[in-house]
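Protein chains in written order, with the UniProt record's numbering: chain A, 1 to 347; chain B, 1 to 347.
Derived by calculation from the structure, the hints in this document are not laboratory data.
Fair warning: this is a prediction, and the values are worked out from it, not measured in the lab.
Among these hints, one or two may not hold up.
Said to hold, decoys possible - If you only want the chain A side, here are some residues facing chain B, beta carbon under 10 angstroms, derived:
1. A16
2. D56
3. T67
4. V72
5. H76
6. P80
7. T84
8. A96
9. R139
10. R142
11. A206
12. A255
13. V259
14. W285
15. T287
16. Y288
Claimed, not checked - Below, computed lysine-lysine pairings styled on DSBU-like, alpha-carbon distance capped at 30 angstroms:
17. A:K262 to B:K135
18. B:K262 to B:K175
19. A:K262 to A:K180
20. A:K180 to B:K180
21. B:K135 to B:K262
22. B:K262 to B:K179
23. A:K262 to B:K180
24. A:K262 to A:K135
25. A:K262 to A:K179
To be verified - Label pairs and their in silico Cβ distance ranges:
26. A:K135 to B:D193: 32 to 38 angstroms
27. A:K180 to B:K262: 20 to 26 angstroms
28. A:S24 to B:S24: 40 to 46 angstroms
29. B:R23 to A:S115: 17 to 23 angstroms
30. A:S37 to B:D49: 47 to 53 angstroms
31. B:T31 to A:S238: 56 to 62 angstroms
32. A:I10 to B:D193: 30 to 36 angstroms
Ideal Cβ positions, reconstructed from N, Cα and C, are used throughout, including at glycine.
Protein chains: 2
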Amino acid sequence: MTEQSGSGRITANDVARLAGVSRSAVSRAFTPGAYVSRDTRAKVERAADLLGYRPDMLARSLTTSRTFLVGVITTHLDNPFYATLLQRLIEEIQRAGMAAVTFIADETSNDERISQLLSYRVDALVLTNTSLSSKMSVRCARGDTPVIAINRYLEVDNIVSVTCDNELASAAIGKLFVKKGRRRIAYMAGEPDTSSSRDRERGFRAGLSELGATLHSSAVGNYSHDGGVRAARELLSSSVRPDAIFCANDLMALATVDVARKDFGLDVPGDLMVAGFDNSDAAAWATYRLTSVDQNIPGMVRSAVEEIEAAVVERGRMRRRVLIPPTLVERESTGGPKSIDEPKYGS
Amino acid sequence: MTEQSGSGRITANDVARLAGVSRSAVSRAFTPGAYVSRDTRAKVERAADLLGYRPDMLARSLTTSRTFLVGVITTHLDNPFYATLLQRLIEEIQRAGMAAVTFIADETSNDERISQLLSYRVDALVLTNTSLSSKMSVRCARGDTPVIAINRYLEVDNIVSVTCDNELASAAIGKLFVKKGRRRIAYMAGEPDTSSSRDRERGFRAGLSELGATLHSSAVGNYSHDGGVRAARELLSSSVRPDAIFCANDLMALATVDVARKDFGLDVPGDLMVAGFDNSDAAAWATYRLTSVDQNIPGMVRSAVEEIEAAVVERGRMRRRVLIPPTLVERESTGGPKSIDEPKYGS
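Isolated chain A, as found in the complex:
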């Protein structure tokens, strides 16, 4: 650091002297996870505060193999599920004493961003709602950088995938529609080339089939509200209209409720039952009361950060899939309770 940084000249030795503790006690007080007594920590913090000392993470990274930086790549924060997932993930990374270097990239193309993150020597890389090219997977493996994918299952080596059990939850929605007497049951897909959309369709079909029903029709809404409007118009314009639609996320399901009411004059759930996925805040709003699947975001990010910590310590080859149990939340849009949220275990 140049002389421009006034506080750069205060060292851990100065803090140790003023606090009356050892140099290594100062170091431990500023190392995430290291033990130091409460009394010593208080002395160190008081002295550091008086002197304006701050530990230098960059200098430390030259003497350890860690930067305490975690690279996070995400996308489409206009989707509330992605935004909430990012917030909880960053909070969990903070709690573990690390910091998130966050990049935005496309769902499918992010090689340049990953390159940039590797140049910061991140301890690990977390991909949420996005994929990893096989070329990048090789580069991460060569540099021993662990990669954790959240909400995507990636068929490449050296990766841990953390997702909710998309198939189980989607099967539960299929069975719910059949039990409620619906017979013309449709599916609205998200981005067709994502594992989440494929797994939800597979599970939904399996649930229907288990009770002797089959899929009536389907359309692609690309996980967006606009895409949902278009796909809902397509499905509802059919000469034999569906009487139930499972949308692969809430944004598309909310759009479907609007289109059914405004463009087709339908009653939800009377004429058309609608279910979504994500249990976003808007699903609980009085206008929608949308049945949805809670993916358990806190459980997903906790698992992801545990995997980071294990991988940073072990630096081993890994390829694992972690499945988080989701919860079905039934509301009025499928004939569920009018106002009280009754979380129901996916059955």
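Assemble the complex: chain A is given as a structure, and chain B must be docked to it using the hints.
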């Protein structure tokens, strides 16, 4: 770096030799903003790719006074305005060749997070939707770390505040209500101790007053949907009910429309006009068609990143307020057009 990192041993010299260019050409190819011909860049990238070389930002930061890291502190990503602002800000930081270290903190308490960011020697600190304590302001100034606040105006030294012109836009909504013949006009505040909520109330009152009207009633909704539900019930339960409500953000305005229709059987805009702030995606949904203010997020983040770049180069003391012109978007909730969005300059 330890020997665990395989690619750490490939140097810029290796890349220069393979690419047949000078060592300094390799360095320039990886320095944001530095000039290098397209042909040379292609050679360097091909060689770097073959060798698995990546520039080491940490080593570089020891020889320059920069880390190319920008600290970002934000909050409440369940508010779509905050989520979209964060996405655009990170994208703009990426475009400028830097990376965002992102933390989540409370609206009012974030000292510990700022401390942590300073330990990463960030080039600058950006606060979105959150404040800076005067103690921290002193620490940032002492370390010569420039601070940029977005969507908050902070009354402390050494800070650039970038906000939309909250007063101008709010005055336009006040005048719109009066021109549409409304006489019992209410305000729903956000977080009472934020500059955005205070500026919007001040502007709204000024707009009413300019056309000879005064505020009928007000309530506090704390910028959240739940808070908006409570505040709307409070305002609409009054024996003399308001016939127009300006809510300081869209989340509260959407809640107000739901409460007016579902709990009080009112027609919007017939019985009650509602306007919000942020022009979030949901404001355009068919169910709401909500009049709102577009804050021009791209303009805000562009200004913020320009301020970062100027501050990093100049390292001067600064205290400035940048005002971005907002746009009023009139929709059905105030008697505006039924389906086509007509952005109208705040007049």
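Hint by hint, here is what the structure shows:
Taken as an interface hint, A16 (chain A) does not check out: its beta carbon lies about 17 angstroms from the nearest beta carbon of chain B, beyond 10 angstroms. Hint status for D56 (chain A): holds, given a least beta-carbon distance of 7 angstroms to chain B, under 10 angstroms. About 7 angstroms separates the beta-carbon of T67 (chain A) from the nearest beta-carbon of chain B, less than 10 angstroms, and the hint is met. For V72 (chain A), the suggested interface contact is upheld, since its CB lies about 8 angstroms from the closest CB of chain B, less than 10 angstroms.
Satisfaction of the interface hint for H76 (chain A) is found here, the shortest Cβ-Cβ separation to chain B being roughly 8 angstroms, below the 10 angstroms cut-off. Among the interface hints, the one on P80 (chain A) holds; its C-beta lies about 7 angstroms from the nearest C-beta in chain B, closer than the 10 angstroms criterion. The beta carbon of T84 (chain A) is positioned within 10 angstroms of a beta carbon in chain B (closest approach about 6 angstroms), and the interface hint is therefore held. For the restraint placing A96 (chain A) at the interface with chain B, the shortest Cβ-Cβ distance is roughly 12 angstroms, beyond the 10 angstroms limit, so the hint is violated.
Proximity of R139 (chain A) to chain B holds as hinted, the smallest CB-CB distance being about 6 angstroms (cut-off 10 angstroms). Because the closest C-beta pair between R142 (chain A) and chain B is about 5 angstroms apart, less than 10 angstroms, the hint holds. Checking A206 (chain A) against chain B by beta carbon gives a least distance of about 32 angstroms; that is not within 10 angstroms, so the hint is violated. Taken as an interface hint, A255 (chain A) checks out: its beta carbon lies about 8 angstroms from the nearest beta carbon of chain B, inside 10 angstroms.
The interface hint given for V259 (chain A) is met, as the beta carbon of that residue sits about 7 angstroms from the closest beta carbon of chain B, less than 10 angstroms. With a cut of 10 angstroms, the hint placing W285 (chain A) at the interface with chain B holds, because the nearest CB-to-CB distance is about 6 angstroms. Among the interface hints, the one on T287 (chain A) holds; its C-beta lies about 5 angstroms from the nearest C-beta in chain B, closer than the 10 angstroms criterion. Using the Cβ-Cβ criterion of 10 angstroms, the hint placing Y288 (chain A) at the interface with chain B is satisfied: the shortest such distance is roughly 8 angstroms.
Distance check on the hinted pair: K262 (chain A) and K135 (chain B) sit about 54 angstroms apart at the alpha-carbon level, beyond 30 angstroms; violated. Annotation: proposed proximity of K262 (chain B) to K175 (chain B) holds, straight-line Cα distance about 28 angstroms (limit 30 angstroms). A hinted pair counts as satisfied when its Cα atoms are at most 30 angstroms apart, and K262 (chain A) with K180 (chain A) qualifies at roughly 24 angstroms. Among the hinted pairs, K180 (chain A) with K180 (chain B) is inconsistent with the structure: their alpha-carbon atoms are about 47 angstroms apart, more than 30 angstroms.
For the hint pairing K135 (chain B) with K262 (chain B), the CA-to-CA distance comes to about 47 angstroms; that exceeds 30 angstroms, so the pair is violated. The suggested pairing of K262 (chain B) with K179 (chain B) holds, with an alpha-carbon distance near 27 angstroms, which does not exceed 30 angstroms. Under the criterion of a C-alpha separation no larger than 30 angstroms, the hint pairing K262 (chain A) with K180 (chain B) is consistent with the structure, at around 26 angstroms. For a cut-off of 30 angstroms, the pair hint linking K262 (chain A) to K135 (chain A) is broken: about 47 angstroms separates their Cα positions.
The straight-line distance between the Cα atoms of K262 (chain A) and K179 (chain A) is roughly 27 angstroms, inside the 30 angstroms bound, and the hint therefore holds. For the pair K135 (chain A) and D193 (chain B), the beta carbons lie near 50 angstroms from each other, so the given range of 32 to 38 angstroms is not met. Between K180 (chain A) and K262 (chain B), the C-beta spacing of about 24 angstroms keeps the proposed range 20 to 26 angstroms intact. Distance hint check: the CB atoms of S24 (chain A) and S24 (chain B) are about 41 angstroms apart, consistent with the given range 40 to 46 angstroms.
Taking 17 to 23 angstroms as the suggested C-beta distance range, the pair R23 (chain B) and S115 (chain A) conforms, at roughly 20 angstroms. For S37 (chain A) and D49 (chain B), the Cβ-Cβ distance of about 50 angstroms falls inside the hinted range of 47 to 53 angstroms, so the restraint holds. Judged by the Cβ atoms, the range 56 to 62 angstroms given for T31 (chain B) and S238 (chain A) holds: they are separated by roughly 57 angstroms. As the Cβ distance of I10 (chain A) to D193 (chain B) is approximately 34 angstroms, the hint placing it in 30 to 36 angstroms holds.
Checked against the numbered hints above, the structure violates hints 1, 8, 11, 17, 20, 21, 24, 26; every other hint is satisfied.
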